[in-house]
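There are 2 protein chains.
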Amino acid sequence: MGAEQKMTMKPFGELMPRLQALEIIDNHIKPIKGTKKIPIGESNGRVIAENVVAGFDVPPFPRASMDGYAVKAKDTTGATEKKPIALKLIGIQHTGGVFDGTVNDGECLEIATGAPMPDGADAVVMVEYTNKDGEEVSIEGQVAPLRNMAEAGADMTKGTHVLSPGKTITPGVIGALAALGYIEVEVYRKPRVAIYSSGPEIAPQGQALKPGQIYDINSYTLATVIEANGGVAVVIGIVEDTVESIKESLGSASEHDLWVVSGGSSVGTKDLFSEVMEEMGTIYFHGVKTKPGKPTLFGEVDGTPMFGMPGYPTSCLNNSYVYLMPALRKMARLAPKHWVKVKLPMGHEMVSKSDREQFITVRIEDGKAYRVYKQSGDITSMTHADGFIILPIGTNKADEGEEVEVTLLHI
Amino acid sequence: MGAEQKMTMKPFGELMPRLQALEIIDNHIKPIKGTKKIPIGESNGRVIAENVVAGFDVPPFPRASMDGYAVKAKDTTGATEKKPIALKLIGIQHTGGVFDGTVNDGECLEIATGAPMPDGADAVVMVEYTNKDGEEVSIEGQVAPLRNMAEAGADMTKGTHVLSPGKTITPGVIGALAALGYIEVEVYRKPRVAIYSSGPEIAPQGQALKPGQIYDINSYTLATVIEANGGVAVVIGIVEDTVESIKESLGSASEHDLWVVSGGSSVGTKDLFSEVMEEMGTIYFHGVKTKPGKPTLFGEVDGTPMFGMPGYPTSCLNNSYVYLMPALRKMARLAPKHWVKVKLPMGHEMVSKSDREQFITVRIEDGKAYRVYKQSGDITSMTHADGFIILPIGTNKADEGEEVEVTLLHI
Chain A
169 MGAEQKMTMK PFGELMPRLQ ALEIIDNHIK PIKGTKKIPI GESNGRVIAE
219 NVVAGFDVPP FPRASMDGYA VKAKDTTGAT EKKPIALKLI GIQHTGGVFD
269 GTVNDGECLE IATGAPMPDG ADAVVMVEYT NKDGEEVSIE GQVAPLRNMA
319 EAGADMTKGT HVLSPGKTIT PGVIGALAAL GYIEVEVYRK PRVAIYSSGP
369 EIAPQGQALK PGQIYDINSY TLATVIEANG GVAVVIGIVE DTVESIKESL
419 GSASEHDLWV VSGGSSVGTK DLFSEVMEEM GTIYFHGVKT KPGKPTLFGE
469 VDGTPMFGMP GYPTSCLNNS YVYLMPALRK MARLAPKHWV KVKLPMGHEM
519 VSKSDREQFI TVRIEDGKAY RVYKQSGDIT SMTHADGFII LPIGTNKADE
569 GEEVEVTLLH I
Chain B
169 MGAEQKMTMK PFGELMPRLQ ALEIIDNHIK PIKGTKKIPI GESNGRVIAE
219 NVVAGFDVPP FPRASMDGYA VKAKDTTGAT EKKPIALKLI GIQHTGGVFD
269 GTVNDGECLE IATGAPMPDG ADAVVMVEYT NKDGEEVSIE GQVAPLRNMA
319 EAGADMTKGT HVLSPGKTIT PGVIGALAAL GYIEVEVYRK PRVAIYSSGP
369 EIAPQGQALK PGQIYDINSY TLATVIEANG GVAVVIGIVE DTVESIKESL
419 GSASEHDLWV VSGGSSVGTK DLFSEVMEEM GTIYFHGVKT KPGKPTLFGE
469 VDGTPMFGMP GYPTSCLNNS YVYLMPALRK MARLAPKHWV KVKLPMGHEM
519 VSKSDREQFI TVRIEDGKAY RVYKQSGDIT SMTHADGFII LPIGTNKADE
569 GEEVEVTLLH I
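So the protein sequences, as listed, match chains A and B.
Every number in the numbering used here is 168 more than the matching position in the first sequence, counting from 1.
Every number in the numbering used here is 168 more than the matching position in the second sequence, counting from 1.
Just so you know, these hints were derived from the structure itself, not from any lab.
No experiment lies behind these values; they were computed from the predicted model shown.
One thing to keep in mind: the hints can contain errors.
Which copy? The list can't say, so a pair holds if one copy fits it or any two copies do.
Using 25 angstroms as the maximum straight-line C-alpha spacing, the simulated DSS-like pairs for lysine-lysine come out as follows [to be verified]:
hint : residue 1 : residue 2
1    : K335      : K536
2    : K378      : K326
3    : K505      : K335
4    : K509      : K536
5    : K335      : K511
6    : K509      : K457
7    : K204      : K335
8    : K256      : K198
9    : K457      : K250
10   : K565      : K457
11   : K536      : K521
Just chain A, with the same shape it has in the complex (with noise of 0.2 angstroms):
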């Protein structure tokens, strides 16, 4: 065996606990502050970043909320469906336009949902109450001041601070931009991820296998994740899996807001992640307790932060659940992922044992959890995955028809 074969297998050292982990994380994450303009109609989802405070009166005008005439409210005072007033119909006020006239006692002006309100007229009486007769319309129903009708400013009034930076954006917070007239938003800017995999087994789609290749999996799987928990990944491809390599990727760390880097993280054979990053930058953990996923390194160079995430694609996307969901949200300014969780019985008795906390995928067939039973290299044991139960430490099975509780993945 030549020197450069040797290879240094040294054992993980303490591992750290899921919990430890995370808040390690999230003391070095920050949120971002960059912010960008886009167009409102592609905001959903977005954070905003600025103060949105109504220009002018939304509705502009006072306006009908219902259809049927403009009056004077005193001027219904008393009337019934056997004791209906009659008043004087002067017009018509369809929306979008401006009545030229004014209500004047004993006059009404037919209107539509929506019309502004006639000058003189201070209620509207729905049509369900009314009767028309040519020029006369009988009022069958009495109506208080303002009723059936919203006032200037009604939604919002002129002035009113209506957002604050930091709210994420909705179909319904779109609906009040638009109404403010506006056409674009100032929003946070996505958080770049960038994402590479690395091990010289690792082949791009696109081209034929070689012997002991396999097709990159992790930078799909990863930037799926990434581009749906409020990031941009940036997909650096394959670095090749020599110090040299991974030390001009990691050169341009500055460049992106995280890294997050699949294969090579192991304790194994060839390292080298941890090797540069122990050189170029600080490694915070390396290490965790918890399965699949072990491999996990959490650090930093130049600031950025870094993920050096296991080479087998399911412990890398289990782990982009657990680790970098949490951490690419924050920096995103988006709130915790709200996971969904159900209560099932197993529908089998199930056995895995580890000292590690433990995340088993299951699929839910007739109202029962069922282990999606594969290797911790498979990525089909994610594929068909409905969701998946956490074994705590010290626990290594859960019995049939013992009830788990089932956080949902795909909800």
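Put chain B on the given structure of chain A with help from the hints.
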């Protein structure tokens, strides 16, 4: 008053209860049949339209699933820490290459996780249970055949039917496609949903409001809901409220999969949309027994389903959640929206009288629900809402402290 000013105010006939309306909608909505190929990295949340069969074994070769030493399992029989068995180290196998040799009796090969198993070996002893001294390795634990390794095809055997049409694509599905070398995947195309706002009072953003005008809100909120639920929003913009303009628009009905028209579906002044619908197509219902949103119409023109939504932004947005979303998701072949519901006490007494089923927006503060009190035309009642509660027909209030079920809007 001239003839052109005539308006016919016919009150709605019998209102359609929500569940009945949803059943009618469901009966007239067909899932999209067309498909297209898209890059796998852009396929998250789409619906797969092809059968995916493994074209080769994944992994394509037997591989080590732990760092350690590839051995013949029988050579380790009886090995313990106190009575180790010495094997001759014949080389090293990193990932990405193939060892050019065979492990014979009494021999072992240093091997990295993910590397191809060498000929002759049928198990891996984890590095933790070994001691290396030069070219001799002490094995301190016995292993059974196939231990700490995966056979070729353990994840997906060549010929395995991995995915069927209709499955919604998740990160785990993308991982399986990547593993099989897919670059593109065939998915159902997204339904194209034409949207327009009508009404002479509606003005586009970017121009100053004239007297009596308000900005177009519904095009934006509808487009947002459509894009978030599997559709492509085709924003036609603002259509003039004349019979000719509406006819011209609906003349191209079949160019889109679904239409959503807002405004013009009330029974009041100038209700031209329903007039044109009656002439050009079929109206299945007009008027729903829910509040807000009574003047909702559903029908079809040239076989293309059509929603007529109320012009009021809140009514329109509420109805897009209640009526449009189920229709669109069925058309897009997505599972019905999973609404997250929580039970919370009301923070105050709330009285809201109506003979319809009521959707009342609330915000959540200190674990209690508070009505976002606004009139039905006010978009800010949605802007500031965390969710909504439903008051069934016949219920017109909730007491302070009464437990209500809040459907969360933004989770």
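For this session: First find the shortest C-alpha distance between K378 and K326 inside one copy, then the shortest across copies, and answer within, between, both or neither for a cut-off of 25 angstroms.
Result: Between copies, since 17 angstroms is at most 25 angstroms while 68 angstroms is not.
Exercise. Quick one: K505 to K335, C-alpha cut-off 25 angstroms, is that within a copy, between copies, both, or neither?
Worked result: both (15 angstroms within a copy, 23 angstroms between copies)
Exercise. Given identical chains, is K256 near K198, meaning Cα to Cα at most 25 angstroms, within a copy, between copies, both, or neither?
Worked result: For K256 and K198, neither the intra-copy (67 angstroms) nor the inter-copy (52 angstroms) Cα distance is at most 25 angstroms.
Exercise. For the identical chains here, do K457 and K250 meet the 25 angstroms Cα criterion within one copy, between copies, both, or neither?
Worked result: Neither: 81 angstroms inside a copy, 28 angstroms across copies.
For this session: Using 25 angstroms as the alpha carbon limit, work out where K536 and K521 are close: within a copy, between copies, both or neither.
Result: For K536 and K521, only the intra-copy Cα distance (22 angstroms) is at most 25 angstroms; the inter-copy one is 43 angstroms.
Exercise. How would you label the pair K204, K335 (within, between, both, or neither) given a Cα cut-off of 25 angstroms?
Worked result: Within one copy only: 15 angstroms inside, 36 angstroms across.
Exercise. Can you tell me if K565 and K457 fall within 25 angstroms by alpha carbon in one copy, between copies, both or neither?
Worked result: Intra 18 angstroms, inter 51 angstroms, cutoff 25 angstroms: intra-copy only.
Exercise. 25 angstroms Cα cut-off: does K335 pair with K536 within a copy, between copies, both or neither?
Worked result: Result: close only across copies, 20 angstroms inter versus 38 angstroms intra.
Problem set entry | Alpha-carbon proximity context of K509 and K536, limit 25 angstroms | both (14 angstroms within a copy, 22 angstroms between copies)
For this session: Can you give me the call for K335 and K511, within, between, both or neither, at a CA distance of at most 25 angstroms?
Result: This pair counts as between: shortest inter-copy Cα distance 24 angstroms, intra-copy 32 angstroms.
For this session: State whether the alpha carbon distance between K509 and K457 is at most 25 angstroms within one copy, between copies, both, or neither.
Result: Intra 23 angstroms, inter 33 angstroms, cutoff 25 angstroms: intra-copy only.
Consistency with the previously given hints fails for numbers 8 and 9, ordered from lowest to highest.
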